[in-house]
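Undergrad: Given next are the chains, with one letter for each unit.
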Amino acid sequence: MQLETVLILEHRDYGAGYRLLKVAAPGIAPQVQPGQFVHVRVPRLNDAVLRRPFSVFQAQADTLSILYKTVGRGTAALAALAAGQTVGLIGPLGHGFPLDGPAERVPVLVAGGYGMAALYLVAQRLPRQGMVFVGGCSAQDILGIEDFTALGWPAHIATEDGTRGVRGLVTDVLDAWLGEGRQSRTPEFFACGPNGMLQAVGDRAQAGGWTAWLSVDRHMGCGVGACLTCVVKCKAPDGDWVWVRSCKEGPVFECRQIQWEEES
Amino acid sequence: MSLNSPDLSVNLGGVRMKNPVMVASGTFGYGPEYADLVDLNRLGALVVKGISLEPWRGNPPPRTVEVASGLINAIGLQNPGAEGFLRDYLPFLRQFDVPVIVNIWGRTVEEYAAVAERLSAADGLTALELNVSCPNVKEGRTAFGTNLPMFRRVLAAVRLKTRLPLIPKLAPDLSQIKAFAQAAEEEGADAISLINSIPALAIDIETRRPVLGNRTGGLSGPAIKPIALKLVWEAAQAVRIPIVGMGGIASAADAVEFIIAGASAVAIGTANFSEPTTALTVMDGLREYLIRHNLGTVKELVGALRC
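For the protein sequence lines, the chains are Z and X, in the order given. Residues in the first sequence are numbered from 1 upward in steps of one, following my numbering. Residues in the second sequence are numbered from 1 upward in steps of one, following my numbering.
Just so you know, the hints here were simulated from the structure itself, not pulled from any lab data. Treat the hints with care, since some could be wrong.
[Stated by the list, open to error] Covered stretches of chain X (in silico footprint by chain Z; criterion: 3 or more residues with CB under 8 angstroms from a CB of chain Z, positions within the stretch not fixed):
hint: 1; region: 19–29
hint: 2; region: 33–45
hint: 3; region: 153–161
hint: 4; region: 293–302
[To be verified] Derived pair list, reagent style SDA-like, types lysine to any residue, alpha-carbon separation capped at 20 angstroms:
hint: 5; chain 1: Z; residue 1: Lys233; chain 2: X; residue 2: Arg215
hint: 6; chain 1: Z; residue 1: Lys233; chain 2: X; residue 2: Pro60
hint: 7; chain 1: Z; residue 1: Lys235; chain 2: X; residue 2: Arg57
hint: 8; chain 1: Z; residue 1: Lys233; chain 2: X; residue 2: Val211
hint: 9; chain 1: X; residue 1: Lys299; chain 2: X; residue 2: Arg287
hint: 10; chain 1: Z; residue 1: Lys235; chain 2: X; residue 2: Lys18
hint: 11; chain 1: Z; residue 1: Lys233; chain 2: X; residue 2: Leu40
hint: 12; chain 1: X; residue 1: Lys18; chain 2: X; residue 2: Leu40
hint: 13; chain 1: Z; residue 1: Lys248; chain 2: X; residue 2: Arg215
hint: 14; chain 1: X; residue 1: Lys18; chain 2: X; residue 2: Pro55
hint: 15; chain 1: Z; residue 1: Lys69; chain 2: Z; residue 2: Asp100
Ideal Cβ placement from N, Cα and C applies to all residues, glycine included.
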């Protein structure tokens with residue numbers, strides 16, 4: 001973890017309403033593990049008291065990139081930045097996806113819309129090839145498929161309105177694949193998306209006796225474990241439950257750690 | 001000492017600090033959280049997040065919400081309890097040459113006294129900050145922070161259990177600040193700190209529900225700075241014990257204002273979340289200010305308001 005003022009190399013439309021921000025971060029970028037995030041101090045957001053967290057989308061050598069959509073003040077101010085300007089980062093932060101699972105497991109990535117941003121590095125860095133399932137409300141919520149297919153990972157797509165891929169939820173497509181018994185090997189899930197999707201993936205993993213790594217998205221404060229804003233209800237060893245920091249112990253949890261009942 | 005290096009050291013009611021800039025309870029965790037980003041040895045003091053006798057879960061999320069120039073928080077004092085703190089964090093903190101002040105709280109007078117006694121028996125802690133004014137735990141605020149007889153009782157009970165410097169943290173109560181500050185002095189406090197966050201509310205207008213899981217929370221950040229400054233100024237006129245001023249400090253200029261108002265030391269709170277090195281830039285800027293104003297010590301600036 002370090003503080004770094006980084007130069008913006010590229011800032012462009014990525015498709016589906018998203019923007020890609022690529023920076024030179026020679027301190028942070030080489031340290032990034034898949035599923036980790038950076039905490040961005042957005043310039044010219046003068047009355048903001050918090051940074052804004054973003055999953056690292058891609059990281060190569062001294063550069064890293066994030067994907068975002070303008071949804072509020074922070075991202076609107078971010079969108080106004082141009083190549084050549086600088087931005088302050090803290091990173092890399094959090095516990096990401098472990099890539100050291102047994103070789104016989106087939107990696108199955110499950111993304112809800114923007115969740116794919118946190119999963120790209122998993123596909124790129126895993127020594128084993130797997131497949132990706134992506135879902136969204138509509139065709140315009142499906143992004144980055146080409147980045148996965150370029151790695152040779154087949155993509156299964158579902159949209160709720162049927163405008164791209166199969167009509168339905170991403171878990172419908174996942175269930176179809178699981179049900180077809182095509183998986184001669186044991187699946188290992190890596191998922192990022194809305195809570196409902198994460199829980200559904202976790203349920204399937206637990207029913208099958210498989211492992212599922214879920215990246216949760218919580219409202220975040222300091223990003224380094226000090227403020228206790230971003231807590232997730234997790235099972236405690238004694239059978240009780242505890243609030244656990246998604247910025248520090250997470251954002252990636254194995255599905256059996258999370259206590260979904262009562263999670264809102 | 002050369003003219004170009006003013007003396008920043010402060011003796012805060014027995015807490016010997018290299019400089020008057022500390023980090024405020026609840027905004028710096030228990031030390032390790034920021035240790036990769038900030039040299040803890042440079043801090044005037046480190047005030048760790050509120051500790052109770054037993055572990056405490058805290059409030060359901062959402063626990064914070066950003067508002068204009070501020071943050072409303074309702075963490076609810078989640079903490080590992082006194083034993084957990086001593087086991088998991090004190091050994092780490094003892095590696096550093098920095099005064100460690102533990103913020104403590106309880107639900108009853110007896111719990112306050114018990115946690116003070118337990119922590120005082122440990123080696124390596126410098127002082128106790130008494131949280132009687134957190135807006136997020138009902139018993140804490142209602143019973144102790146705004147009720148003068150209860151405030152005196154809890155302070156007296158803790159005083160009996162510890163020889164460590166004791167620093168009650170006062171609620172931002174405009175009408176009673178002098179009375180509370182004087183009561184603290186009379187009950188044997190070595191210093192006082194103020195202000196705690198200000199009770200506040202944010203509403204989601206689409207759902208018509210409070211944004212925070214606890215419904216209300218405490219407002220901190222630059223939005224509260226002028227209010228905090230007025231309270232520090234008033235308290236400074238009421239007592240002789242030193243004051244730790246805090247509330248929205250984000251720059252050296254902010255810190256200088258608090259010192260001029262009467263604070264002997266200042267604490268950086270919410271600003272740590274956006275700029276973890278704020279305490280360091282504040283102390284550098286404070287040093288430059290003293291040089292620019294031909295002041296040899298920071299003490300000369302304390303309470304130097306001209307009016």
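Undergrad: Can you name, in rising order, the numbers of the hints this structure does not satisfy?
TA: 3, 4, 10, 11, 13, 14, 15
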